Amino acid sequence: MSEPAIGIVTVSDRASRGVYRDLGGPAVVAELTRMLCVPWRPECRLVPDEQPLIEAVLRDLADGVGCGLIITTGGTGPAPRDVTPEATVAVCDRMMPGFGEAMRAVSLRSVPTASLSRQTAGIRGRSLIINLPGKPAAIAECLGAVFPAVPYCLDLIGGPRLETDEAVIRVFRPKSLASP
Amino acid sequence: MSEPAIGIVTVSDRASRGVYRDLGGPAVVAELTRMLCVPWRPECRLVPDEQPLIEAVLRDLADGVGCGLIITTGGTGPAPRDVTPEATVAVCDRMMPGFGEAMRAVSLRSVPTASLSRQTAGIRGRSLIINLPGKPAAIAECLGAVFPAVPYCLDLIGGPRLETDEAVIRVFRPKSLASP
Amino acid sequence: MSEPAIGIVTVSDRASRGVYRDLGGPAVVAELTRMLCVPWRPECRLVPDEQPLIEAVLRDLADGVGCGLIITTGGTGPAPRDVTPEATVAVCDRMMPGFGEAMRAVSLRSVPTASLSRQTAGIRGRSLIINLPGKPAAIAECLGAVFPAVPYCLDLIGGPRLETDEAVIRVFRPKSLASP
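Residue numbers (this note's numbering), protein chains in the order written: chain W, 1 to 180; chain U, 1 to 180; chain B, 1 to 180.
Note that these hints are calculated values from the structure, not bench results. Quick caveat: nothing in here was measured; it's all calculated off a predicted structure. Every residue, glycine too, gets a C-beta built ideally from N, C-alpha and C. Any given hint could turn out to be false.
[Said to hold, decoys possible] Which stretches of chain W does chain U cover? Using the computed rule of at least three CB atoms under 8 angstroms from a CB of chain U, they are:
(1) 75 to 81
(2) 106 to 114
[Said to hold, decoys possible] Output of the computed footprint for chain W on chain U, the stretches with three or more beta carbons under 8 angstroms from beta carbons of chain W:
(3) 140 to 150
(4) 153 to 159
Modelling step: build the complete structure from the supplied sequences, incorporating the hints.
Written out as structure tokens, the structure is:
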């Protein structure tokens, strides 16, 4: 199987207990399906808001499954149980502050509570990990804000080559592979 | 006394020595008075730019007085004596990067030196701590940029319920209390 | 010699091996020459993407040469060899998050991959260190975004007084020297 795996991690106490259906994970899968025009396969996980469990899932998807891109949804707010950013920082070698900034700036045009999101992004080895909010509407908005830079980022860290449907979203790859 | 206490901390060597009058603290009180339509009481403090003293005041207002919201003014610039952000980071359990970003982005439309502000925000237990600049004009601008998200943030961390005068500022509370 | 020295550090494996010509350093010199109307002298360095070497150069320019302003170019991307931000954090006493935010926000209007830049800025003693990207076009854009605040920042940290050609770029100095 040569198609790249993309990790999609829903972080939610309630969804993981079956109290309600996971809407975030399927929304990420749907959005990626709409954008990507290369074969890929989703590796979906559902975890409660427990930092050690989230970290274990992220490590396994990066190092075990070999996902070049891992997207989390949920657990980025200010509530005491929201620990997805902390788990992300804990497993990453280096952080990418521009992702959280760009996503909050775009969301802020829709809702003033976008400032409450602590979502971040970082790199673990050859994997880019991006936190998205839990709400489906915010997921599409945030992915749209940063995805044009994701394929080039994966090129630079040795991840899989992603191509998108240009009618949906146009990615940007500088001509040279010199790093920005 | 059931009205919530809001901590207002002026950080200034000169104002605390009486060299000049504290303008920042009263400007925060005036702005909150203009915005809020629920009973509340200000708990005002005035401290010099000494990190241990600022930390002690923040801890006391959060844990002792039980302020769900604490606003500092002053000490956020690049000068060697400016240590309010460091004191804030030291007492918080988790940081809220979106507050500093949003306040700098708004201030940047007025003055290019907004980039010099190192103001941040974070959560200590059930208290939200927000740094504001020292200048009265910048105080109103920065509070206006983030206050629409503050009441919902306090809801999520177990703080007091704040309501605003919608003719002055409209707060945003998503319908569900699910965290962003 | 009383003119202030400005450190200009090109961080690039390839340029330092002579594989290609350093374009970033000369672009920074050209841009500063265009903006400044006071005498100054460039102190140029060229280092490979090795964190200890970059740190050593930054420390020498700040503490040895006494540069009040040090500008790096290159090494801010997500590639494994890009470590300029890490070196900058390691040598600084305090970080200036508003610089990276403002530069990414401006660059994002030109290229979506601006989000990939991890560039930051910080203060070491009396020296302000600013990371710029490696590409000449991005250098002018980023410098233009933050330079209006740089002279006032140097005033506040005890650095040299810089004046600019107002026809090229207008700097902003609040009337009082009270810190923001």
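Going down the list of hints, with the structure as the test:
{"no.": "1", "hint": "75 to 81", "verdict": "holds (count 7)"}
{"no.": "2", "hint": "106 to 114", "verdict": "holds (count 5)"}
{"no.": "3", "hint": "140 to 150", "verdict": "holds (count 3)"}
{"no.": "4", "hint": "153 to 159", "verdict": "holds (count 4)"}
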